[in-house]
Amino acid sequence: MNHKPLALKILDVVSIVLLVTAAYLAIVVAPTERVMGDVQRVFYFHIGTAWVALVGFVFTAGLSVIYLITKDLKWDRIQVAAIEVSVMFFLITIILGSIWARPAWNTWWTWDPRLTTAAVTELIYIAYFMLRQGIDDPNKRARFGAVYALIGGLSAPITFFAIRLFRTIHPVVIAGSNAAAEGNFSMTGDMLQAFFFALFAFTVIFIDLFWNRIRLGEVQEKVEEMKLKAAW
Amino acid sequence: MKKQNVQHAPVSSQPSASYDKAVGAIVWKDLRAEFRSWELISSMLVFSLLVILIFNFALELDVKTRQSVTSGVLWATFAFAGTLGLNRSMAIEKDRGCLDGLLLAPIDRSAIYFGKFFSNLAFMLIVEAIVLPVYSFLYNTNLFQPGLILVILLGSIGYTAVGTLLAAMSIQTRTRDILLPILLFPVAFAVLLAAVKASGGILDGAEFSEISFPINLLITYDVVFIAASFMLFDNVVEE
Amino acid sequence: MLFQETTPDTSGYMIAGFALTFLILAVYVASIYVRNRNLQQDMDMLAEIEEPAVKIKARSTGRAEKKKVKPGTKKGKK
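Residue numbers (this note's numbering), protein chains in the order written: chain A, 1 to 232; chain B, 1 to 239; chain C, 1 to 78.
Simulated from the structure, these hints should not be mistaken for laboratory data.
Owing to the predicted nature of the structure, the values given are computational and were not obtained by experimental measurement.
Among the hints, erroneous ones may be present.
Claimed, not checked - Derived, one-sided and incomplete: chain A residues facing chain C with beta-carbon distance under 10 Å:
#1 Thr-21
#2 Ala-23
#3 Ile-92
#4 Ile-99
#5 Asn-139
#6 Lys-222
Glycine included, every Cβ here is placed at the ideal spot set by N, Cα and C.
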């Protein structure tokens, strides 16, 4: 079996270092936010993971198109990896959001549109795996997966805009003003540093996990091939 | 046998006419079969009424509360009944071998999609047309407002558009029927949300400016998903 | 009384948040590792099964690639 490429081994180590450093910046270096206290620190990871997960999901839609055009199973493997890693990161996003919500809004969950959209999006991609599980033929599985990922990917931004139908209490930190939003805060220098570093760190970590997951997919495919041959 | 060859066989000098004919033929086939057996509509209808009954007990609605949840209850009912219809409609095609027959026919695959889409939509609208007066009767409200009819139409179109595609996929999997709601509901969430908001607004007598956004969203959703579904349908039914 | 809000102590939540983050990441990495190991084992087992079949094929020259040995008969499982 192929040995892990040196680049990937290095990336593994770099990822761990970046993760720890990001945590350090978030927990130790960044100043304590005045209104919410220490729990605000999870925000850096919350946004970091949200960013990579959402980029991952968008990337997935592109992969769907490429697979449907080329019908090369390699793209299917890449898509599975992208979705799996994104689902994992988005789960962290949702959990961190919930942990932040508890002291900030006094509730673990609210059917606030942004959270609801997040839950729906996560469910779409979990459904992706359930769809794949019910299909044995790899080509059919790849085709259906690609179609569903594309449909799901298209629906996500529309769902996001549907949130405008409701007032939201979700903080708007980056852009736009929303009088009803609670928990807004503006970021100072050290906070911005922690913020951008977390974004960078999670991007690298995503790529690392993604690459590892793709290699796992390649092994999976090889085993499936061998099983088919043995069945003869 | 290469179905691709069959697909491109010359049919007539007016390709669009034969396309419409193909779509029409499929719709007509489904409607005729349904009007003979009443299989789909009767089960969707009974199911809808049962769902409304359940909501009645689950929510213990007094007159005031009822008004605010009517649109939600209606759309939940339509969503569930719709799933039933979509599943059965596609399962019938597959089990009776109609789908294979359709695939062999010298028509564009997307015509199959539109045929199924229109017949599924017809069934859903028929059920909704019956549920509305029943609900009005049971709860002594007047649901027959033109705005509401429009929203129900738009919402059903969007739901059926993506539902037809996803149903075609789900009946080909091991888990079949169970999978459709899992696939459909998260994707249809936006259309259901917009429909509920728009319906609620109309029933409350809201200004047009308030409901223009959800209605625009519905139209956008319909256009996007009819287009996407019809373009992707090929990938879902090829052998 | 001075109206000055003191910063609430929400460090418990913070710790929970970071702990869960690391936990989920660790579990995911572990799952990749475990799946990989299981697949490697499967591959080794399948390679063993394939071996005798390959030998038989090598003996019969000019034949189309057709395995004669049923899996699992020759060699015992590890």
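inquiry  = Tell me if the interface restraint on Ala-23 of chain A is satisfied: Cβ within less than 10 Å of some Cβ in chain C.
reply    = 6 Å, holds
request  = Could you check if Ile-92 of chain A really has its C-beta closer than 10 Å to a C-beta on chain C?
outcome  = For Ile-92 of chain A, the interface hint holds, since the closest Cβ of chain C sits about 5 Å away, which is under 10 Å.
inquiry  = For the restraint on Ile-99 of chain A, tell me whether the closest CB of chain C is nearer than 10 Å.
reply    = Hint on Ile-99 of chain A: holds, closest Cβ of chain C at ~4 Å, below 10 Å.
query = When the nearest CB of chain C is found for Asn-139 of chain A, is that gap smaller than 10 Å?
reply = At about 21 Å, which exceeds the 10 Å cut-off, the nearest Cβ of chain C leaves the hint on Asn-139 of chain A violated.
query = Against chain C, with CB atoms and a cut of 10 Å, does the hint on Lys-222 of chain A hold up?
reply = It holds, given that the least Cβ distance between Lys-222 of chain A and chain C is near 7 Å, below 10 Å.
message = Would the hint on Thr-21 of chain A be counted as holding, given a Cβ-Cβ threshold of 10 Å to chain C?
response = Violated. Min distance 13 Å.
Hints 1, 5 from the earlier list are contradicted by this structure; the remaining hints agree with it.
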